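Visitor: As a plain string of letters, each chain reads:
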Amino acid sequence: MGRYIIRRIGQMIPIVFGVMLITFILFNMVGGSPALAILGRHVSPQALEEFDEVRGFNKPLIFGWWSGTRAYDAETDFERHAGPWRAVEDVEHQEAEDREPAHIRVPEGEHAIPLEFSPRAETGFRWVIEYRLAPDGSAALLYDAESDEIDDERVEQREELAPSARWTRARIPFESGETPGELNMRLVVEEGAPLEIRAMEMQRRANHPLDSQFTFYIFQTFKGDLGYSESANQPIARMIREGIGPSLMLTVPIFLIGLIVSISVALLCAFYRNTWIDRMLVVIAVALMSINYLVWIVVGQYLAAYRWGWFPVWGFESWIYLILPISIGVLSGLGIDVRFYRTVMLDEMYKEYVRTAFAKGVGKRTVLFKHVLKNAMITVATNVVIAIPFLYTGSLLLESFFGIPGLGYMAINAIMSSDVDVIRAIVLIGAILFVVANLLTDICYALVDPRVQLK
Amino acid sequence: MSGPTQNGPLLKVEDLRVYFGKARAPVRAVDGVSFGIQPGESIGLVGESGCGKTTLGRAIMRLLPVHSGRIDFGGQDIAPLRDRELRAYRKNVQMIFQDPYGSLNARMSVGGAIEEVLRLHRLGDRTSRRKRAQELFQAVGLDPSYMDRYPHEFSGGQRQRIGIARALAVDPKLIIADEPVSALDVSVQVQILNLMKDLQREMNLAYLFVAHDLAVVRYVCDRILVMYLGKIVESGTPEEIFTQPTHPYTQALLSAVPDVDKGLKARHGGSDRIVLKGDVPSPTRKIPGCPFHPRCPMAQDRCRAEVPEWREIRPGQWSACHFAE
Amino acid sequence: MTTQMDNMEQSARTLWSDAWRRLRRNRLAMICLWVVIFYTALAAYGEVVYRWHQWKDITPSYQQTDLDKQYLPPSLFRQPFTVESGAEVGVMERMSSGLRELARHPLGTDGLGRDVMQRLIQGTRIAYMVGIVVSLIAIPIGVVLGCLAGYFRGRVDDVIVWLYSTFAAIPGLLFILAIAMVVGRGLLGVYLGIGLTIWVGLCRLIRGEVIKHSERPYVAAAHALGLSHARIIFRHILPNVFHVVIVTFTLMFPAAIGTEVFLSFLGIGAQGEPSWGIMISNARLRLWHGVWWEMAAATTALFFIVLAFNLLGDALRDALDPRLRTGRQ
Numbered sequence: 005m006g007r008y009i010i011r012r013i014g015q016m017i018p019i020v021f022g023v024m025l026i027t028f029i030l031f032n033m034v035g036g037s038p039a040l041a042i043l044g045r046h047v048s049p050q051a052l053e054e055f056d057e058v059r060g061f062n063k064p065l066i067f068g069w070w071s072g073t074r075a076y077d078a079e080t081d082f083e084r085h086a087g088p089w090r091a092v093e094d095v096e097h098q099e100a101e102d103r104e105p106a107h108i109r110v111p112e113g114e115h116a117i118p119l120e121f122s123p124r125a126e127t128g129f130r131w132v133i134e135y136r137l138a139p140d141g142s143a144a145l146l147y148d149a150e151s152d153e154i155d156d157e158r159v160e161q162r163e164e165l166a167p168s169a170r171w172t173r174a175r176i177p178f179e180s181g182e183t184p185g186e187l188n189m190r191l192v193v194e195e196g197a198p199l200e201i202r203a204m205e206m207q208r209r210a211n212h213p214l215d216s217q218f219t220f221y222i223f224q225t226f227k228g229d230l231g232y233s234e235s236a237n238q239p240i241a242r243m244i245r246e247g248i249g250p251s252l253m254l255t256v257p258i259f260l261i262g263l264i265v266s267i268s269v270a271l272l273c274a275f276y277r278n279t280w281i282d283r284m285l286v287v288i289a290v291a292l293m294s295i296n297y298l299v300w301i302v303v304g305q306y307l308a309a310y311r312w313g314w315f316p317v318w319g320f321e322s323w324i325y326l327i328l329p330i331s332i333g334v335l336s337g338l339g340i341d342v343r344f345y346r347t348v349m350l351d352e353m354y355k356e357y358v359r360t361a362f363a364k365g366v367g368k369r370t371v372l373f374k375h376v377l378k379n380a381m382i383t384v385a386t387n388v389v390i391a392i393p394f395l396y397t398g399s400l401l402l403e404s405f406f407g408i409p410g411l412g413y414m415a416i417n418a419i420m421s422s423d424v425d426v427i428r429a430i431v432l433i434g435a436i437l438f439v440v441a442n443l444l445t446d447i448c449y450a451l452v453d454p455r456v457q458l459k
Numbered sequence: 553m554s555g556p557t558q559n560g561p562l563l564k565v566e567d568l569r570v571y572f573g574k575a576r577a578p579v580r581a582v583d584g585v586s587f588g589i590q591p592g593e594s595i596g597l598v599g600e601s602g603c604g605k606t607t608l609g610r611a612i613m614r615l616l617p618v619h620s621g622r623i624d625f626g627g628q629d630i631a632p633l634r635d636r637e638l639r640a641y642r643k644n645v646q647m648i649f650q651d652p653y654g655s656l657n658a659r660m661s662v663g664g665a666i667e668e669v670l671r672l673h674r675l676g677d678r679t680s681r682r683k684r685a686q687e688l689f690q691a692v693g694l695d696p697s698y699m700d701r702y703p704h705e706f707s708g709g710q711r712q713r714i715g716i717a718r719a720l721a722v723d724p725k726l727i728i729a730d731e732p733v734s735a736l737d738v739s740v741q742v743q744i745l746n747l748m749k750d751l752q753r754e755m756n757l758a759y760l761f762v763a764h765d766l767a768v769v770r771y772v773c774d775r776i777l778v779m780y781l782g783k784i785v786e787s788g789t790p791e792e793i794f795t796q797p798t799h800p801y802t803q804a805l806l807s808a809v810p811d812v813d814k815g816l817k818a819r820h821g822g823s824d825r826i827v828l829k830g831d832v833p834s835p836t837r838k839i840p841g842c843p844f845h846p847r848c849p850m851a852q853d854r855c856r857a858e859v860p861e862w863r864e865i866r867p868g869q870w871s872a873c874h875f876a877e
Numbered sequence: 002m003t004t005q006m007d008n009m010e011q012s013a014r015t016l017w018s019d020a021w022r023r024l025r026r027n028r029l030a031m032i033c034l035w036v037v038i039f040y041t042a043l044a045a046y047g048e049v050v051y052r053w054h055q056w057k058d059i060t061p062s063y064q065q066t067d068l069d070k071q072y073l074p075p076s077l078f079r080q081p082f083t084v085e086s087g088a089e090v091g092v093m094e095r096m097s098s099g100l101r102e103l104a105r106h107p108l109g110t111d112g113l114g115r116d117v118m119q120r121l122i123q124g125t126r127i128a129y130m131v132g133i134v135v136s137l138i139a140i141p142i143g144v145v146l147g148c149l150a151g152y153f154r155g156r157v158d159d160v161i162v163w164l165y166s167t168f169a170a171i172p173g174l175l176f177i178l179a180i181a182m183v184v185g186r187g188l189l190g191v192y193l194g195i196g197l198t199i200w201v202g203l204c205r206l207i208r209g210e211v212i213k214h215s216e217r218p219y220v221a222a223a224h225a226l227g228l229s230h231a232r233i234i235f236r237h238i239l240p241n242v243f244h245v246v247i248v249t250f251t252l253m254f255p256a257a258i259g260t261e262v263f264l265s266f267l268g269i270g271a272q273g274e275p276s277w278g279i280m281i282s283n284a285r286l287r288l289w290h291g292v293w294w295e296m297a298a299a300t301t302a303l304f305f306i307v308l309a310f311n312l313l314g315d316a317l318r319d320a321l322d323p324r325l326r327t328g329r330q
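Each protein sequence line maps, in turn, to chains A, B and C. Going letter by letter, the first sequence gives residues 5 to 459 in my numbering. Going letter by letter, the second sequence gives residues 553 to 877 in my numbering. Going letter by letter, the third sequence gives residues 2 to 330 in my numbering.
Keep in mind that the hints were calculated from the coordinates and are not lab data. All values reported here derive from a predicted model rather than from experimental measurement. Worth double-checking, as some hints may not be accurate.
Claimed, not checked - Okay, derived cross-link-like pairs now, DSS-like style, lysine-lysine, Cα gap no bigger than 25 Å in a straight line: (1) C:Lys-213 x A:Lys-355; (2) B:Lys-564 x B:Lys-643; (3) B:Lys-564 x B:Lys-683; (4) B:Lys-643 x B:Lys-749; (5) A:Lys-355 x A:Lys-378; (6) B:Lys-574 x C:Lys-70.
As the list claims (entries may be wrong) - Which residues of chain C face chain B? A few of them, derived with a C-beta cut under 10 Å, are: (7) Met-6; (8) Met-9; (9) Leu-16; (10) Arg-23; (11) Leu-29; (12) Ala-45; (13) Glu-48; (14) Ser-215; (15) Arg-217; (16) Ala-221; (17) Gly-227; (18) His-237; (19) Ile-238; (20) Asn-241.
Idealized CB from N, CA, C, for every residue including glycine.
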C-alpha cells in the first residue's frame with residue numbers, strides 16, 4: 005500500500021506542475037503585461053520596471069538568456085512616430101509606404117541615444133537593432149565604460165554597424181558600469197549615408213538561463229508566498245485564509261443536506277422501481293437539472309427574499325443569511341444528484357446477488373437497506389471524496405449574489421479587476437486539493453472494495 | 553530472399569521464447585518451442601488455457617514481440633521485417649480468430665472488409681476486387697448477394713466463414729487458426745472444419761490449428777503438438793497421439809475427452825479418468841526439472857532434478873518425458 | 002455448397018438504423034427532437050435576420066431604443082380585445098384590431114422598448130452559435146487525444162492523461178472565466194473558455210472506449226492483415242466508438258449554452274448582442290419592479306432547450322447502447 009501511495013504521489017506532482025504551467029501560460033504569456041493593466045498607461049517606465057522587478061516579470065518567460073527591459077521605453081518599433089527619438093534633432097520619421105516599413109532616419113553626426121532611465125549597474129545588456137545602411141556609409145555605437153568625469157581616462161568602446169543594403173538585424177552586447185547611470189552611449193553616423201532604423205530594443209542578460217519568470221513563480225509558491233493582491237491591497241495568503249471559512253459554511257451544508265436528500269430520493273426511486281413514482285421522480289429530476297443555475301439564484305433571490313420576504317437578500321450578518329443560499333444550492337443540485345444516485349442504486353439492484361436475495365424471499369425493504377445501500381456506498385463514498393475540492397471554491401455565483409465573503413466572491417472580484425495573482429493562487433490551491441482528493445478516493449476504493457487490486 | 557523455398561519447411565520455429573512483464577519474474581508464455589510446418593501440412597497445437605498456444609500463434613503473426621529465438625518463413629527470418637516486407641509477409645501468413653463476431657468490424661459491411669484487404673495489398677482495381685470478394689464469398693460457402701450486409705445480420709458460423717474468406721483474400725500459404733470453432737455450436741463446428749479441409753486441399757494451404765479440443769484437432773490435422781506451460785511436450789500423428797500417447801500430460805488430456813474411442817481406455821488397461829492434481833501453475837514460476845512434475849501422477853525424484861530430453865520415441869513421434877516408451 | 006441463409010432479413014440493416022428505430026419508438030425522445038428542430042429553425046431565422054441587417058447596415062429593431070414603448074407587458078395581458086368605452090366599434094373590426102394588437106410585441110417589451118420576442122430569437126441564435134462553436138473546438142480535441150491515448154498507450158498515453166488531468170484539476174468555472182478574461186470580452190472568450198475546458202470529459206470517455214476496442218479481435222485481425230495505424234483508428238475503431246461522441250454532443254450543447262448564460266450575465270460574453278444571459282441580467286433589476294415578462298421569456302426559452310437536449314441525450318444513450326446491439330451470439 006505504501007508503495008502505491010508513493011507512486012500515486014509521483015503522478016500527482018506532474019499534474020500540479022502542469023497546473024502551474026497552464027496558469028502561467030494563460031496569465032503571463034497570453035495575458036500581456038499586467039503592469040500596464042494594473043498601473044495604467046501613464047506611469048513612468050521606471051515605475052513599470054520596478055513593478056516587474058518585484059514580480060519577476062522582467063525575466064525571460066520560461067527559459068533563456070535575454071529579456072526585454074523598459075529602459076528604452078515600451079515602443080520598439082516606429083509604426084506611428086519616431087518614438088524616443090522624437091526629441092532628437094534632425095531625426096526624420098518615415099511612415100510605412102508600399103513595401104517599406106515605418107522607420108526613422110538618423111542623419112550623419114553624433115547622437116545621444118535617448119534612454120528612459122539608467123540601466124542597472126553591472127549587468128550585461130544588448131541592443132537589438134534592425135537597420136539599413138548604404139554601402140558607403142559607416143555607423144557605430146560608442147560608449148564610455150566609465151563616467152566622463154575624468155577626461156583623459158576616457159575609455160571608449162566602439163561597436164560597428166556593418167553596412168547593409170537590406171534590412172538586417174544586429175545584436176550588440178555591452179556592459180553597464182559599476183554604478184547605475186554609468187552608461188554614456190552615443191550613436192555615431194559618419195559621412196556617407198544616413199542610418200535607417202526600423203526597430204530597436206534593449207535587452208538584459210539574465211544571470212543564467214533558468215532564471216526565468218516561471219522558475220521565479222515556482223520558487224515563490226514553494227516559499228508559501230502567494231503574492232500580493234493589487235486590487236484588494238492585502239497579501240493573498242491572508243485573503244485565502246479569511247475566505248475559506250465563509251465558503252465552507254456555505255458549501256458543507258449544501259453538500260451534506262444535498263447528499264442526504266438525494267440518496268433518500270434515490271432509494272425511493274429504487275424501491276418503487278419502474279412504477280409511476282419512479283418515472284415521475286426521474287422526470288422531475290431532469291427538469292430540476294435543466295433549470296439554469298443562474299435562474300435558480302436570481303428567481304430564488306427574488307421570490308424568497310424580495311417578494312415573500314422570508315429571508316434577507318444580501319449579506320453575512322448571521323446564520324439566517326445562509327439559509328436561502330444553502331437552500332438554493334441544495335435544490336439546484338438535487339436533479340443531478342438524484343439521477344446519479346438512482347443509477348448507482350439501480351445498477352446495484354440489477355446484480356445477481358439481489359435477485360438471489362429476492363428469490364430467497366427476503367423483503368424488498370431489507371434488501372434495499374441492508375445490501376444495496378451498503379454496496380452502493382462504495383460509489384457514494386468515492387463521490388463524496390471527489391466533491392471535496394469543489395467545496396473549497398464554494399459556489400462562485402452563490403457567494404457573489406448573496407454577498408457571502410468567501411473564496412468564490414474573492415475570485416469573481418479578482419476576475420472583474422483582472423487581479424491575476426489572486427486567481428492564480430485560488431486555482432493552484434484548488435488543483436492541489438483536487439489531486440489530493442483523487443488520491444484519497446483511490447485509497448478509499450482500495451480499502452473498501454476487496455476486489456480492487458492496487459496496481 | 554523473397555519467397556519461400558521449395559524444399560525446406562514453410563515455417564520453422566527455433567527455440568522461441570515469448571515473455572511478458574517484468575524482467576525479474578516474467579510470464580513465460582512461450583518457453584523454448586521448436587517445430588516446423590511443411591507446405592500444405594496441417595499442424596494441430598493443443599493444450600489447456602494459458603499454456604501459451606495462442607501466444608505462439610500471435611508471435612508467428614508478428615502481433616507480439618519475441619524475447620528470443622527465431623521464426624523463419626521460407627528460410628527468411630521474419631523478426632527484422634518492416635513496412636513493405638512485413639506487408640509481403642502478411643500476404644503469406646494469415647489468421648482466423650476465435651470470436652467470430654468480435655473479429656469483424658461491426659460497422660463495416662462484410663464485403664467491404666474483404667475488399668479493404670485487397671485494396672491494402674493493391675490486388676486489382678475496384679471492379680476486380682469486388683469480383684474477387686464475391687468469389688471468396690462463394691468459396692467459403694456463402695451467397696455473394698449478401699456481401700453488403702453487416703456482421704450482426706449473420707449467424708456465428710456464417711461469420712466465421714467470413715473471417716476465413718477475409719484471411720484467404722491475400723492468398724496465403726499458411727493460416728493460423730486460433731480456436732476457430734470453439735465458439736460455435738457443435739453442429740456448425742463440423743461444417744467449418746469440413747470447409748477448412750476442403751480449402752486446404754484446393755489451395756494447398758498449411759494450417760497451424762490452435763485448439764484445446766483434441767477431437768477437433770484430430771479431425772483436421774496431419775500432426776499434433778501438445779503444449780504445456782509454454783513448452784511442447786509431445787508431438788506425433790493423430791493416430792499415434794490418440795492410441796499411444798507417451799507423455800503423461802497427453803494421457804491425462806485424452807482421458808478427459810468424453811466418449812472417445814472406448815478402445816483407448818481398454819488399451820490403457822481400463823484405467824479411469826486421470827485426474828491431475830493441482831492447477832496449472834502460474835507461468836511466472838520457474839519450475840525445476842520437468843515442468844509437469846508437480847502434477848504428474850508418475851513423477852519421480854529424477855523428474856524434479858533433470859529436464860527431460862526431447863527425443864524420438866517412435867519414428868515421427870517425439871516426447872519430453874523420462875519414462876516415455 | 003452454400004449454406005442456408007434464411008436467417009437473413011429482407012433488407013440490410015446497419016447498427017445505426019437499428020438505433021434510429023429504437024429511438025423512434027421513444028415518444029418522449031421524439032418530442033424532444035422536434036423541440037430541438039424548432040429551436041434550430043428559430044436560430045437559423047435569427048441568423049438570417051441578423052445578416053440581413055448587417056448587409057443593409059441598419060440597426061435592427063430589437064436593438065433600437067424606443068422609450069415610448071417601454072415596459073409593455075405581453076400582448077395577451079394588454080387586453081387586446083377590449084375597447085375604450087364610448088367608442089362604437091363593430092365585431093369584425095374589434096376582432097381584426099385585436100388580432101393585430103395580439104401580434105404586436107407578443108411577449109412584451111423590455112426597459113428600452115425593445116421587442117422581447119425578437120430578442121429572444123436572437124438569443125437563440127447566439128446560444129446555438131455558442132453550442133456549435135464550442136463543440137467544434139472541444140470534440141476534435143477530445144476525440145483525437147482520446148484515440149491517440151487509447152490506441153498507442155505507453156508514453157503517448159501518459160502525456161495525454163497528464164494533460165487532461167491537469168485541465169481537470171483546475172476548478173471549472175474559474176478556468177473558463179480566466180480564459181475569457183485573458184482573451185478579452187466578447188464571444189471569442191466564451192468559445193475558447195468553454196471549449197478548452199469541456200473537452201476533458203469526452204477525451205476520458207473516448208480513451209476508455211478505444212482501450213476496450215483495441216483489445217478486441219477485429220483490431221488484432223486488422224493488425225494481422227497489415228492495415229496501417231491510421232486506418233485502424235479512423236476506419237475501424239472510431240466508427241465503433243462514435244456513439245459516445247453523439248451522446249456527449251447532446252449533453253455538451255446545453256452545458257455550453259448554460260455556461261454562456263453565466264458569462265454573459267457577468268458581462269464577459271456577448272457584447273451588444275442580446276444573448277439570454279444579457280436578457281436575464283437586464284431583466285433582473287426590473288423584476289423587482291414587477292416587470293416579470295422579460296425574465297420569464299428568457300428563462301423559459303433556456304429551460305426548454307436545455308431540457309430537450311438532456312432528455313434527448315439520455316434517450317440517445319439508451320438507443321445507442323452497444324449492449325442492445327442485435328446480433329445472434
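Visitor: Hint validation: C:Met-9 versus chain B, beta carbon distance must be below 10 Å. Holds or violated?
Guide: It holds, given that the least Cβ distance between C:Met-9 and chain B is near 6 Å, below 10 Å.
Visitor: Could you grab the alpha-carbon distance between B:Lys-574 and C:Lys-70 and see if it respects the 25 Å cut-off?
Guide: violated, 79 Å
Visitor: Report holds or violated for the interface hint on C:Leu-16, using the least CB-CB distance to chain B and a cut-off of 10 Å.
Guide: C:Leu-16 check passes; min Cβ-Cβ to chain B is 6 Å, inside 10 Å.
Visitor: Does C:Arg-23 pass the interface check with chain B, least Cβ-Cβ distance below 10 Å?
Guide: It is violated, given that the least Cβ distance between C:Arg-23 and chain B is near 14 Å, above 10 Å.
Visitor: Does A:Lys-355 sit within 25 Å of C:Lys-213, going by the straight-line distance between their CA atoms?
Guide: holds, 22 Å
Visitor: Go through the hint on C:Asn-241 and say holds or violated, using the shortest Cβ distance to chain B against 10 Å.
Guide: Since chain B brings a Cβ to about 6 Å from C:Asn-241, closer than 10 Å, the hint holds.
Visitor: Would you check whether C:Met-6 satisfies its interface hint, that is, whether its CB is within less than 10 Å of any CB in chain B?
Guide: holds, 5 Å
Visitor: Restraint: C:Gly-227 near chain B, CB-CB cut 10 Å. Satisfied or not?
Guide: Since chain B brings a Cβ to about 4 Å from C:Gly-227, closer than 10 Å, the hint holds.
Visitor: Given the proposed pairing of A:Lys-355 with A:Lys-378, does the C-alpha separation stay at or below 25 Å?
Guide: With Cα atoms ~14 Å apart, A:Lys-355 and A:Lys-378 stay inside 25 Å; holds.
Visitor: A closest beta-carbon separation below 10 Å is what the hint needs, so does C:His-237 meet it against chain B?
Guide: For C:His-237, the interface hint holds, since the closest Cβ of chain B sits about 5 Å away, which is under 10 Å.
Visitor: Between B:Lys-564 and B:Lys-643, is the straight-line Cα distance small enough, at 25 Å or below?
Guide: Status holds; Cα separation ~17 Å.
Visitor: Tell me if the interface restraint on C:Ala-45 is satisfied: Cβ within less than 10 Å of some Cβ in chain B.
Guide: Violated - the Cβ of C:Ala-45 stays beyond 10 Å from chain B, reaching only about 31 Å at its closest.
Violated hints, in rising order: 3, 6, 10, 11, 12, 13 and 14; the structure is consistent with all others.
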